[in-house]
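K.L.:
Residue numbers (the working numbering), protein chains in the order written: chain U, 333 to 647; chain W, 135 to 236.
Since the hints were made in silico from the structure, they are not lab data. This structure is a prediction, so every number in the text was calculated from the model and none was measured. A virtual CB, placed ideally from N, CA and C, is assigned to each residue, including glycine. Any given hint might turn out to be false.
A partial selection of chain W residues facing chain U, derived with a Cβ cut-off under 7 Å [what the hints assert, rightly or not]:
1. 176
2. 178
3. 208
Computed list of lysine to any residue pairs in SDA-like fashion (alpha-carbon distance at most 25 Å, straight line) [said to hold, decoys possible]:
4. 175(W) / 521(U)
5. 175(W) / 395(U)
6. 175(W) / 371(U)
7. 175(W) / 523(U)
8. 175(W) / 528(U)
9. 175(W) / 394(U)
10. 175(W) / 464(U)
11. 464(U) / 602(U)
12. 175(W) / 603(U)
13. 175(W) / 602(U)
14. 175(W) / 567(U)
15. 175(W) / 218(W)
16. 175(W) / 368(U)
17. 175(W) / 364(U)
18. 175(W) / 137(W)
19. 464(U) / 596(U)
Quick partial rundown of chain W residues pointing at chain U, CB under 7 Å, derived from the structure [what the hints assert, rightly or not]:
20. 210
21. 213
22. 217
23. 218
24. 234
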Amino acid sequence: MSVLWVEGLLGVGLVGLAIRLLWVRDGFETIVLFITFGMLLTLLWSWLGSGDVALAEAAIGAGLSGALLLAAWSQLGDTSSDEGRSSARLPWGALIMAAMGAAVGLFVQLSLADQPDASSTLAQRVEDALPKSGVENPVTAVLLNFRSYDTLLEVTVLVAAWLGVAGPADRPRGASDGPPEADRLAGGAAIALGRTWLPLALLVATYLVWAGSHFAGGAFQAAALLAGTAILCRLVGVPIGLEQTAAVVPGLPIAGLALFAIAGAWGVAFQGRLLAYPTDSAGPWIIAIELAMAISLATILFLLYLAVRRRRGSR
Amino acid sequence: MSARELVSGLAAVSGVVFYCAGTLGLLRFPDLYTRLHALTKADNVGVGLLALSLAIVAETWSEIASLALLWLIAMAASAASAQVVARGARRSGLLPWQGPQP
């Protein structure tokens, strides 16, 4: 009974927030509501026992996307003149999209309900093949082994986004140890937090990559945590040198993708199939790829944030 | 109900009371600085009491250690973010509330 209460409250809160988001016209309010939505969704995922998804949602969906959206919003300039004029109109396009989404969701739910037996589904096949995957966490097994080309393409998308927004030619101008926003915002408490949080975040991120092979965790969560920490340190003016390292080591953003691609090519050459890891060393391959991906993705996400921030100054 | 559960329940209820007080302050206080004050101060006590409540009924030492770490991180984050927000507001020229205008 109490379980249903919590799920019900979270569900009603999420739908209510989503509806509210459709009507909000103010950019800042939309972003704040979006972050709140991500936080509630995180609670729901962890309540449903999906640690991996909850971690990803908290770190990427709510945390890092929030920072990127706020950085993008701050370079949009004053949009308040649009307000009021259009706020009375119903967002028909968004409503139609929401209705279509609900219809698809209902359809999927109904067609899933027809499945006679859950044990014959994909989950069972993953469970059966798990010993061969090299890892113990079924989520990581799917992401890095059974369906690794999905993940490979996801990383490619992020590298493409970095190339489009920033790219290797986008270098910081001048010394960046004292960013302009640092003098405005950094107080004693925030600087102290940046200093203490940095080693802790490195520890937790490394642990997340390692933990991904056994239970909840993985490269994407670790990368988002690292990038978030880098942004925090940047905001409060604690120099960590990631920007400088990325400038000196140009391959940093693509190291993860490169290792992944090498693994794929290795599979073609020696196993006859794309991304087929050697059977006895799949585990080490996966850990190495995850570690490289975590570093690369963190660098990409941080450089994306910097590029968005910097663009504001050049306008 | 054991004495342990009773104390834990009392701590949880008091924590919720502090959270409610903080939220009430956020909604009703006159300006950003007083709202920040209500939010961070009351919520820090709230999160501490909730952590205490869960620690009392925790079964292992590692659970208690996790809760203590969680409490410390939450406090540090809220203290730092409150200062950042207040500083940003002060630098952009927002003056603190001076009491009800006559």
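K.L.:
None of the hints should be skipped; say for each whether it holds.
P.N.:
Comparing the hints with the structure gives:
{"no.": "1", "hint": "176", "in the structure": "violated, 18 Å"}
{"no.": "2", "hint": "178", "in the structure": "violated, 13 Å"}
{"no.": "3", "hint": "208", "in the structure": "violated, 12 Å"}
{"no.": "4", "hint": "175(W) / 521(U)", "in the structure": "holds, 15 Å"}
{"no.": "5", "hint": "175(W) / 395(U)", "in the structure": "holds, 23 Å"}
{"no.": "6", "hint": "175(W) / 371(U)", "in the structure": "holds, 21 Å"}
{"no.": "7", "hint": "175(W) / 523(U)", "in the structure": "holds, 20 Å"}
{"no.": "8", "hint": "175(W) / 528(U)", "in the structure": "holds, 21 Å"}
{"no.": "9", "hint": "175(W) / 394(U)", "in the structure": "holds, 24 Å"}
{"no.": "10", "hint": "175(W) / 464(U)", "in the structure": "violated, 52 Å"}
{"no.": "11", "hint": "464(U) / 602(U)", "in the structure": "holds, 18 Å"}
{"no.": "12", "hint": "175(W) / 603(U)", "in the structure": "violated, 60 Å"}
{"no.": "13", "hint": "175(W) / 602(U)", "in the structure": "violated, 61 Å"}
{"no.": "14", "hint": "175(W) / 567(U)", "in the structure": "holds, 23 Å"}
{"no.": "15", "hint": "175(W) / 218(W)", "in the structure": "holds, 15 Å"}
{"no.": "16", "hint": "175(W) / 368(U)", "in the structure": "holds, 21 Å"}
{"no.": "17", "hint": "175(W) / 364(U)", "in the structure": "holds, 22 Å"}
{"no.": "18", "hint": "175(W) / 137(W)", "in the structure": "violated, 29 Å"}
{"no.": "19", "hint": "464(U) / 596(U)", "in the structure": "holds, 18 Å"}
{"no.": "20", "hint": "210", "in the structure": "holds, 5 Å"}
{"no.": "21", "hint": "213", "in the structure": "holds, 5 Å"}
{"no.": "22", "hint": "217", "in the structure": "holds, 4 Å"}
{"no.": "23", "hint": "218", "in the structure": "holds, 5 Å"}
{"no.": "24", "hint": "234", "in the structure": "violated, 28 Å"}
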